[in-house]
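K.L.:
Now for the letters of each chain:
6 protein chains.
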Amino acid sequence: MRILVVNPNTTASMTAKIAAAARSVAAPGTTIIAAQPDEGPVSIEGYFDEALSVPGMLEEIAREDGEDLAGHVIACFDDTGLDAARSLARAPVVGIGEAAYHMASLVAGRFSVVTTLSRSIPALEHNLHRYGLASRCGRVRAAEVPVLALEDPHSAARDRVSSEIDRAIREDRAEAIVLGCAGMADLARSLSGEHGLPVIEGVSAAVKLIENLATLGLSTSKVGGWATPRRKPLSGRYAVFSGLGGA
Amino acid sequence: MRILVVNPNTTASMTAKIAAAARSVAAPGTTIIAAQPDEGPVSIEGYFDEALSVPGMLEEIAREDGEDLAGHVIACFDDTGLDAARSLARAPVVGIGEAAYHMASLVAGRFSVVTTLSRSIPALEHNLHRYGLASRCGRVRAAEVPVLALEDPHSAARDRVSSEIDRAIREDRAEAIVLGCAGMADLARSLSGEHGLPVIEGVSAAVKLIENLATLGLSTSKVGGWATPRRKPLSGRYAVFSGLGGA
Amino acid sequence: MRILVVNPNTTASMTAKIAAAARSVAAPGTTIIAAQPDEGPVSIEGYFDEALSVPGMLEEIAREDGEDLAGHVIACFDDTGLDAARSLARAPVVGIGEAAYHMASLVAGRFSVVTTLSRSIPALEHNLHRYGLASRCGRVRAAEVPVLALEDPHSAARDRVSSEIDRAIREDRAEAIVLGCAGMADLARSLSGEHGLPVIEGVSAAVKLIENLATLGLSTSKVGGWATPRRKPLSGRYAVFSGLGGA
Amino acid sequence: MRILVVNPNTTASMTAKIAAAARSVAAPGTTIIAAQPDEGPVSIEGYFDEALSVPGMLEEIAREDGEDLAGHVIACFDDTGLDAARSLARAPVVGIGEAAYHMASLVAGRFSVVTTLSRSIPALEHNLHRYGLASRCGRVRAAEVPVLALEDPHSAARDRVSSEIDRAIREDRAEAIVLGCAGMADLARSLSGEHGLPVIEGVSAAVKLIENLATLGLSTSKVGGWATPRRKPLSGRYAVFSGLGGA
Amino acid sequence: MRILVVNPNTTASMTAKIAAAARSVAAPGTTIIAAQPDEGPVSIEGYFDEALSVPGMLEEIAREDGEDLAGHVIACFDDTGLDAARSLARAPVVGIGEAAYHMASLVAGRFSVVTTLSRSIPALEHNLHRYGLASRCGRVRAAEVPVLALEDPHSAARDRVSSEIDRAIREDRAEAIVLGCAGMADLARSLSGEHGLPVIEGVSAAVKLIENLATLGLSTSKVGGWATPRRKPLSGRYAVFSGLGGA
Amino acid sequence: MRILVVNPNTTASMTAKIAAAARSVAAPGTTIIAAQPDEGPVSIEGYFDEALSVPGMLEEIAREDGEDLAGHVIACFDDTGLDAARSLARAPVVGIGEAAYHMASLVAGRFSVVTTLSRSIPALEHNLHRYGLASRCGRVRAAEVPVLALEDPHSAARDRVSSEIDRAIREDRAEAIVLGCAGMADLARSLSGEHGLPVIEGVSAAVKLIENLATLGLSTSKVGGWATPRRKPLSGRYAVFSGLGGA
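Residue numbers (full-length UniProt numbering), protein chains in the order written: chain V, 1 to 247; chain Y, 1 to 247; chain L, 1 to 247; chain B, 1 to 247; chain H, 1 to 247; chain P, 1 to 247.
Some hints here could point you the wrong way.
The list treats identical chains as one, so a pair stands whether inside a single copy or across any two.
In silico DMTMM-like cross-links for lysine to aspartate or glutamate, where the CA-CA straight-line distance does not exceed 20 Å [unchecked claim]: (1) Lys222 <-> Glu67; (2) Lys222 <-> Glu151; (3) Lys222 <-> Asp152; (4) Lys222 <-> Glu39; (5) Lys222 <-> Asp159; (6) Lys222 <-> Asp186; (7) Lys222 <-> Asp38; (8) Lys222 <-> Glu171; (9) Lys222 <-> Glu194; (10) Lys222 <-> Asp172.
Quick caveat, the hints were computed from the structure, so don't treat them as lab data.
Computed from a prediction, not measured in an experiment: that's the story for all the values here.
Please build the complete structure, drawing on both the sequences and the hints.
P.N.:
Here it is as structure tokens:
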């Protein structure tokens, strides 16, 4: 099966890291297609960046959403544009944030999240409430590292994330840790060994969940909030979407 | 004082109706500036339309956000892009959905919402939860009228909305009604008289709340999720935002 | 328009301070009437004081509730007797606690409250739950200053409030502060400057919200818990209310 | 032991019925003292009546709160003035509403409440939330009978209550019924037999809980919201309370 | 009346201590029958121990559940097997955990729990949520003492519990303390005196609540989740239950 | 990899049906081991049956929990004994109830559950609250078919389930349906086609989630409520567990 993994920002090194995490867990017959928008922010740090990254990300999803696609993974921990993508796409869509939370719920009664910057905390808290899993989360914490510092091997990023995990174990009664940024995908296994509890990252989790949905024959319900968009005249920058949508 | 009232869709007749509602309640010294994006969907009916309307709406907000502006009103009941707008703007921003909910909470222990299409119900429910006011809402109901039917005086739109209000009073124990679309701004007073309870529409409510914030000297806290966006290289369709943001 | 601002305690200097805060933000055409009960506690510090202050406060409200009154402000942060007042009055009623919470919700994702004595914390927490806004509140804190210490310029009251704001920012992730006593009405602007985030006090907020309701033509719904009281024989200390009420 | 059962309204026939219910379950060594205020509403139907009944009720409690009193029962289903009474009294205080809810929770996973008039529903819902037991309640229902109709043997009051119990079983998945008015104290056993599930009334429940607290040596915690009131000058109608309170 | 108090573990000294606590508060006409299973864990420290203790405990309950029994007390603070016991038994059943929470709610706005080992915290938190009383609980704390250390007069168990109470008062704003293990039944009064607030233990509370239910004529509703089990063929270790159950 | 799928009841035809559902979705390299306890109830219909099925189920889990086992699936929709199993087992454990809820959350904003008998509704509601997913569930419904009627091809069981799905779509705003019994595993695909929305059954979902956990290298956190049981002397019926557990 083919799975699109779309990085909503425009930084190619992050797309490569995400693709590697996805391929490392994909089943033998699964092909990972990695993509990123042509235009938009180089990293997603807060609501404004989110808003600008969505149209480009939806273009990538629209382009790949053919009959042979098993599903789409949105590889930003904010699950940027997840509702719009689910409305638009025929195939199922899973965000890496929700994927990590669902998997964490199966191995821990209570998890804490360690993300990059504190400005992202409210968005993650809102997602947890929407998904219904806020009661499973001890606390959303920020290591105060900018997203792109995770791309720099000389930064103190990993150390800061590790220190924040220490605090989560000590102060939040956390039984597992969820890493709150796609750029941390390569850190999960070593941090788990170091701290002696499950450390979950969302890219690999989301790929497995899309494989599951495909095997189980499940896709997005089109009854309710994720109904196929009504067809509307769209021009200019959005002309690419103009043929899409239903009655 | 000057207030920007931005209609996030591209239908000029709705912008005009919204501007009229805003001006009808503005204080003597208040100037209403009405605007709409150049490109985007003609109406906002669900998450996909929301996503495409946000960048154009943010452009309008960025253009008007000068020292002399008292605040911005987002005139779509979904409060489309509210978080991104609050991050971006110097002046305070109020969505017409939240404005209506807050005012309803002052005159009714329990209100129900009557919106256009049922596909919008989940988005409104999520907003109510985020704002914290879900416990005040009996039910979010859809009259099943497309947004643009409200622009057509020959449609049955008003009748359907009125029938749904009847059901809300009978079934939800509603003590007040919130009208769930900017296109219903002209219906509130007559429906209130007809049904004998407060009927609140958000455009007028939001204008008054922006006036309040200006008088009280309050604006968006830049500590937390609505911090000023970090400055990033933006080109192509987003070049207009490239000079904005902080460190 | 005329607005009654009623201080439910019997301390004249607090009534004067409240009246000044109200007048400083009132619109050009608004007249503020300040009142206090003839009998009752000199300050409201907990449930017992609340209970004794209500009948006298309701007398003030009943006396002023004529056709020409735009609305009533209850100027105690506990929103003492708000439900009874809304049932009794024809004109809308707004408590300064709820007013402050609603305004804070428009400029901050998360606010903390700083009140006087810790014995008042549970009452404020219950109000936040009832209003639906508890999820927006980081924590209700007490500076441990008696209400009347705020009337004494030589007390350490302001310093203690300021220190508690520091703790709220550091420990609660507060993005704004709500001052939890009518007697703090004069401190908001200077504390906001000092701490670099919005500091909201409720007297001014409530006056603006009453002005809004009047402009929007909204008043208390008489369907539900705030229905006009049923007329009953009342004598002795309550004879003043004996002609009031409906069928 | 001696227990004060105070009816907060001024209708003597209700006080007598309440006293009978209390005595029918009191332990051999328990003496029930029944009281009602001198002045105030003849029945409590909504927030305004509640507010006027509290000072007179507190006078009865203050008068009886000696060393030899085991506790106070507030015999109005709204638990009128419960917080103020707990602050004031040395002995423990139990409201008949909370007593009924706690007992119902021991014999039913889910109960519904049947009260008198719909205007009382919001107050009962707020109490359930405060007590923490709202999640155990299917629905608060009103039989639409005025309180004093329960005193009239020729009224249709009992039939209406019984019909509403039928609806609660059918529509709410109720496993038990709580009767929502002190005036229904004499109906519980026959309605339980008629409907085949537990029907709980609060007067008898509250008496037993006060007996428990006395036997267990438990009384109201004076740390927190129910701290002893601070002593204040009180004159006029409240002179009776002027010697009370702590530092 | 006769009340069965069943200790679900197999340690006779704990059964004796529990029986003493029960008898110390029982009414003059109440006979306490103390029992423990023949087989199972010597103490209940977590979910696995709970699971193994339930069948033996149900045997004790089935044996005593005759017409002359007033009710059953489950004397483990986890309220082990409470739902199964309520389904099985004719007479009412009360767990010592829920009993303590309900009584604490009558004397404190907010209580904290001090239990033995931290592995038991999640189970207690889940119970609090199910009962609906989680909002009344500041925090569930563990003194990190194994259950059987409470049986050893030379252990530091009491000191650790007392220290944890200090932390609960200082950090949780606790107004009362609930002792979270049947083995702490003898510590409540002295700890209450030492810390100056109500300290509640559940064995005595549960006995009084069973007495109440008997006096009030209330027993478990058989409509809903606690319906009498359907009769099924049971052999081997469960043959003792084979004649029980309904249609 | 090897996965144990344990049916906690003793009906061999259900074990066979469950094994078939598991094998139909297992990955090429996955071996399904199906098991059932030697003794216990023939079907699980309520809390009492649950309690008796757990020890036998734990024996099956203990027997198979070797180094080469990828994980355990508990194939009863109540997730019977899940906490005890997670404490006991080295390998991860997934219940079919939670598996179905997590999968449903990825394809529907709101799902309803259709189970067998109404006595099981409270247990499922409690699970949904514990998992955190109650807010995603419209309603838990019972088709009022005994579990073993699902094994009888001549019963009306499938029709009743289908009718209840109709009601869920019409009354609950359900966007997907979760089938609430392992015995319904063979009905999901045809009911999905018939009703035009996702219908999820838990056996297949749980198998895929265990495969995910194994691939991702995740297992139950032993920090917190699922810590390895402390070793205790166990004899008689529980001697089989006597060597297990940690310090």
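K.L.:
Any hints this thing doesn't respect? Which numbers, in order?
P.N.:
Result: hints 2, 3, 4, 5, 6 and 7 break, sorted rising.
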